[in-house]
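Number of protein chains: 2
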Amino acid sequence: MFRSALLLLAATAAPALAQAPTGPTTPPITRPRATPLPVQVDPKLATLRDKALGDDVAWTITRDLTTEIGPRMTGGSARQAAARDWAVTRLKALGFRNVRIEPYTLPQVWERGSETAEVLGEHAQPLRLTALGNSGATPTAGLVAPVVWFASMNDLLLAPESSLRGKIAFVSNAMEPTQDGSSYGSSGVARFTGPNVAARKGAAAIVIRSIGTDHGRGPHAGNTNFDDGVTPIPAAALSVADAENLERLMQLGKPITLKLIVTPRFTGPRQSGNVVAEVPGTDRDAGIVLIGGHLDSWDLGTGAIDDASGLGITTAAAKLVMDAGRPRRTIRVVWFGDEEIGGFGGRAYAAAHAGERHAIATESDFGADRIWRFETNFTGAATAIGDRLAVGLAPLGIVRGTATAGGGTDVEPVLATGVAGLELNQSGLRYFDVHHTPEDTLDRIDPVQLRQNVAAWTTMLHVVANAPEEIPAVAPRP
Amino acid sequence: MFRSALLLLAATAAPALAQAPTGPTTPPITRPRATPLPVQVDPKLATLRDKALGDDVAWTITRDLTTEIGPRMTGGSARQAAARDWAVTRLKALGFRNVRIEPYTLPQVWERGSETAEVLGEHAQPLRLTALGNSGATPTAGLVAPVVWFASMNDLLLAPESSLRGKIAFVSNAMEPTQDGSSYGSSGVARFTGPNVAARKGAAAIVIRSIGTDHGRGPHAGNTNFDDGVTPIPAAALSVADAENLERLMQLGKPITLKLIVTPRFTGPRQSGNVVAEVPGTDRDAGIVLIGGHLDSWDLGTGAIDDASGLGITTAAAKLVMDAGRPRRTIRVVWFGDEEIGGFGGRAYAAAHAGERHAIATESDFGADRIWRFETNFTGAATAIGDRLAVGLAPLGIVRGTATAGGGTDVEPVLATGVAGLELNQSGLRYFDVHHTPEDTLDRIDPVQLRQNVAAWTTMLHVVANAPEEIPAVAPRP
Chain A
1 MFRSALLLLA ATAAPALAQA PTGPTTPPIT RPRATPLPVQ VDPKLATLRD
51 KALGDDVAWT ITRDLTTEIG PRMTGGSARQ AAARDWAVTR LKALGFRNVR
101 IEPYTLPQVW ERGSETAEVL GEHAQPLRLT ALGNSGATPT AGLVAPVVWF
151 ASMNDLLLAP ESSLRGKIAF VSNAMEPTQD GSSYGSSGVA RFTGPNVAAR
201 KGAAAIVIRS IGTDHGRGPH AGNTNFDDGV TPIPAAALSV ADAENLERLM
251 QLGKPITLKL IVTPRFTGPR QSGNVVAEVP GTDRDAGIVL IGGHLDSWDL
301 GTGAIDDASG LGITTAAAKL VMDAGRPRRT IRVVWFGDEE IGGFGGRAYA
351 AAHAGERHAI ATESDFGADR IWRFETNFTG AATAIGDRLA VGLAPLGIVR
401 GTATAGGGTD VEPVLATGVA GLELNQSGLR YFDVHHTPED TLDRIDPVQL
451 RQNVAAWTTM LHVVANAPEE IPAVAPRP
Chain B
1001 MFRSALLLLA ATAAPALAQA PTGPTTPPIT RPRATPLPVQ VDPKLATLRD
1051 KALGDDVAWT ITRDLTTEIG PRMTGGSARQ AAARDWAVTR LKALGFRNVR
1101 IEPYTLPQVW ERGSETAEVL GEHAQPLRLT ALGNSGATPT AGLVAPVVWF
1151 ASMNDLLLAP ESSLRGKIAF VSNAMEPTQD GSSYGSSGVA RFTGPNVAAR
1201 KGAAAIVIRS IGTDHGRGPH AGNTNFDDGV TPIPAAALSV ADAENLERLM
1251 QLGKPITLKL IVTPRFTGPR QSGNVVAEVP GTDRDAGIVL IGGHLDSWDL
1301 GTGAIDDASG LGITTAAAKL VMDAGRPRRT IRVVWFGDEE IGGFGGRAYA
1351 AAHAGERHAI ATESDFGADR IWRFETNFTG AATAIGDRLA VGLAPLGIVR
1401 GTATAGGGTD VEPVLATGVA GLELNQSGLR YFDVHHTPED TLDRIDPVQL
1451 RQNVAAWTTM LHVVANAPEE IPAVAPRP
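So the protein lines, in turn, are chains A and B.
So in my numbering, the last spot in the first sequence is 478, and the numbers never skip.
So in my numbering, the last spot in the second sequence is 1478, and the numbers never skip.
Only chain A is shown next, with the shape it has when bound in the complex:
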């Protein structure tokens, strides 16, 4: 087998017989694979990586935050405020410097209300669902309307407007697991833009199959958005099991009527904040290494994989590097607020720190299963840093990707200014089983894989924060 689309495989099919003792060969169409050049890495790196594989700081942060605080509802909730205080105490206790809360104001907040659904009539039965962030509300007594079924977003897009008026749209596309998480994009569009499309076509409400790869009863929460001028309609996600049940009911070919009660509301402005901690570096001019995750969570689970583990991983790695001696670059660990409801913490951070030089910005917000790939967008002299990362991360089973690193919600506003990025990609094969569900709890974290994450982040931080090369800015993102 041979896949040339994977750049590193590009010469498996080298001319096998070019070295045969005699005779001409067909001119090679594919060229021989280039032998990589040797790369020198700091001998201390292996020691630090091995130490990280036995470190439990990430586990204790993840365990304690999900236990002592529990859900930290996105959108300036009281429990998120409690989590900020908890974070300050913990980060100080771990030995970080300049630990502080950086406050910002949320202009408006969407708040969950009641949420129930039932099939009426011959097949009367309850269905489990949860409202999507920014969903509109039904009357308190509920909304009763017939269901119109679309197997995919494309079918919804093709539907004539008249077919939706006064009805509850039901979009049921399924999602398969992908290691790179790409199926979240293609399946998730039913959540991201389905409610807006249904509202524009006059639907009274919309229910979707949860954007998830499980087969359980826990619905997957998450944000949606309506265009300016479009009045939000009630929008909710059925659990995968309930969505499949509703599909079977629709396949009976008889009219199905739902009663929906979904009563979220928009509150006034709220105060919220980011928590910041630092490992001061020796060279102020070398730029800050910005890392972190997000402190808020959806409310159904305890936000273990999303994103207590990301806080634990990045913080544990920063501590390991801190304990190994003062790095060249300052490492700044940010526990961002209000990621889930629109990336407010990341935007507030970027606005507050616009005058500072960042060398790189990267976050951990994809659970805690093993990291399988890294990518950078380093240019110039910094490409050598990428080469050292490849060698340093290889013993952890991590491949070098061929795409250009992007970022996540929280560091995106900093990356958008032209700061170099770097990604350590966790496997997404299990992530969407519990993402945004009641099942996002500590027991979903595999401590062995969590440690592999810490070792990868420690390797990355040691190499990047101590790199003698400059890390140039990249082209600002559009």
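Honestly, the hints are just simulated from the structure, not real lab data.
Since the structure is predicted, the reported quantities are computational estimates derived from the model, not experimental observations.
Honestly, I wouldn't trust all of these hints.
Far from chain B by the CB rule (all over 10 Å, computed), these chain A residues [claimed, not checked]:
(1) Gly-70
(2) Ala-81
(3) Gly-95
(4) Val-99
(5) Gln-125
(6) Ala-324
DMTMM-like cross-link-like pairs, simulated, lysine to aspartate or glutamate; straight-line CA separation at most 25 Å [what the hints assert, rightly or not]:
(7) Lys-1051/B to Asp-155/A
(8) Lys-44/A to Glu-1247/B
(9) Lys-1051/B to Glu-244/A
(10) Lys-51/A to Asp-1155/B
(11) Lys-1201/B to Asp-387/A
(12) Lys-1051/B to Glu-247/A
(13) Lys-1051/B to Glu-176/A
(14) Lys-1254/B to Asp-50/A
(15) Lys-254/A to Asp-1050/B
(16) Lys-44/A to Asp-283/A
(17) Lys-44/A to Asp-1155/B
(18) Lys-1044/B to Asp-155/A
(19) Lys-51/A to Glu-1247/B
(20) Lys-1259/B to Glu-1115/B
(21) Lys-201/A to Asp-1387/B
(22) Lys-51/A to Glu-1244/B
(23) Lys-1044/B to Glu-247/A
(24) Lys-51/A to Glu-1176/B
Derived, one-sided and incomplete: chain A residues facing chain B with beta-carbon distance under 8 Å [what the hints assert, rightly or not]:
(25) Thr-35
(26) Val-39
(27) Ser-186
Think of the CB as a built atom: it goes at the ideal place given N, C-alpha and C, for glycine as much as any other residue.
Put chain B on the given structure of chain A with help from the hints.
Only chain B this time, still in chain A's reference frame:
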């Protein structure tokens, strides 16, 4: 969570509160996700796709070829010749037109000999290995030499030449499974170029840990290449279990001596060939849709996942489209010869058919686990074909990739001339457990996933072969 590196996810973090009833919001840094445009697909497509999910032609081809012919050693072997005759009979029986063998000459062929290894001395024990294609030979009585261990290719590259002279190099990097197969590139370099590097540094021989993700006793065969002017040294792959055992022996810190017997040889020229079959189209000017897989295999297993299943999948899909009515474009199914030893069948095909217009070229050579992604490099009017493929493949759980389609060894010479490509990517998570090992047998094929493959290929062929748009050439590959 949010990963903007995945293009389709690029606006999950849209400004959540932009629609809030009152108050200004922070200007959005990330833009709202674009709603996809509706796409019209042929209503017959769903029927054909469902029929494919119940079709058993791919299974019977895979079963019968691996049963009736068994291993079909790459490099013009007699069993490969027998497989060509078998193929002609089967393809005619299935109703294809213009079925024929297109012969070509292999100038030289590498042929396996004896292959054994044992640890001598205090820890005397046998080790299981297999010679790599293009390996040199030891004396018939064997080679006895001390082992020098390198945990990675980088360590081998860093080794001073003097450290290798007269020794057997042992490179032991491990490989983790990846859905996109990318770890084959980064781990596989130990096989692709390790022997050449060791030979240049004066090593007497090289053994590597098999390039595989299993933990078994079956060594993984595969090709390697030596630069012009470098005399091939004996080069072999230990099974993963045996490589780990040798690593533990090296960790004892005492000298370890191996006795290697590896006696392959280069034969003279041989005749070989491709098998070609067609579904004639109605429009000769629209270009040929070239598909297929490879008929040769490594000799240790029966070549079930590599690549009898690829022949089965592409042939079954072509038959389903043929049986549904004459397509616009001619579909040409090629069962290529001698892929494993250097892509000779693909090169011979490209040379023989250089004057013909191909619309696209694509192959199936990555096993038979479910297809999770497709990619194209269509340009101009043909981008609409990609949109229809996205809608047509989505019910099979297939995402649209954001990278540009490449190809495999067999179609690469045609793609190199500027013919458009398309990839239907099988999951690589299990593929390298048995790739090139004795375990590559029929029982590794999951009939349910095989049918999903056939449904995906049938969908692709129906859309592409019947597309009214022209499919323009793309920039020739470097």
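Consistency of the hints with the structure:
no.: 1; hint: Gly-70; in the structure: holds, 19 Å
no.: 2; hint: Ala-81; in the structure: holds, 19 Å
no.: 3; hint: Gly-95; in the structure: holds, 29 Å
no.: 4; hint: Val-99; in the structure: holds, 25 Å
no.: 5; hint: Gln-125; in the structure: holds, 26 Å
no.: 6; hint: Ala-324; in the structure: holds, 22 Å
no.: 7; hint: Lys-1051/B to Asp-155/A; in the structure: holds, 21 Å
no.: 8; hint: Lys-44/A to Glu-1247/B; in the structure: holds, 22 Å
no.: 9; hint: Lys-1051/B to Glu-244/A; in the structure: holds, 22 Å
no.: 10; hint: Lys-51/A to Asp-1155/B; in the structure: holds, 21 Å
no.: 11; hint: Lys-1201/B to Asp-387/A; in the structure: holds, 23 Å
no.: 12; hint: Lys-1051/B to Glu-247/A; in the structure: holds, 21 Å
no.: 13; hint: Lys-1051/B to Glu-176/A; in the structure: holds, 21 Å
no.: 14; hint: Lys-1254/B to Asp-50/A; in the structure: holds, 23 Å
no.: 15; hint: Lys-254/A to Asp-1050/B; in the structure: holds, 23 Å
no.: 16; hint: Lys-44/A to Asp-283/A; in the structure: holds, 21 Å
no.: 17; hint: Lys-44/A to Asp-1155/B; in the structure: holds, 15 Å
no.: 18; hint: Lys-1044/B to Asp-155/A; in the structure: holds, 15 Å
no.: 19; hint: Lys-51/A to Glu-1247/B; in the structure: holds, 21 Å
no.: 20; hint: Lys-1259/B to Glu-1115/B; in the structure: holds, 11 Å
no.: 21; hint: Lys-201/A to Asp-1387/B; in the structure: holds, 23 Å
no.: 22; hint: Lys-51/A to Glu-1244/B; in the structure: holds, 22 Å
no.: 23; hint: Lys-1044/B to Glu-247/A; in the structure: holds, 22 Å
no.: 24; hint: Lys-51/A to Glu-1176/B; in the structure: holds, 21 Å
no.: 25; hint: Thr-35; in the structure: holds, 4 Å
no.: 26; hint: Val-39; in the structure: holds, 6 Å
no.: 27; hint: Ser-186; in the structure: holds, 5 Å
Consistency with the previously given hints is maintained throughout, with no hint failing.
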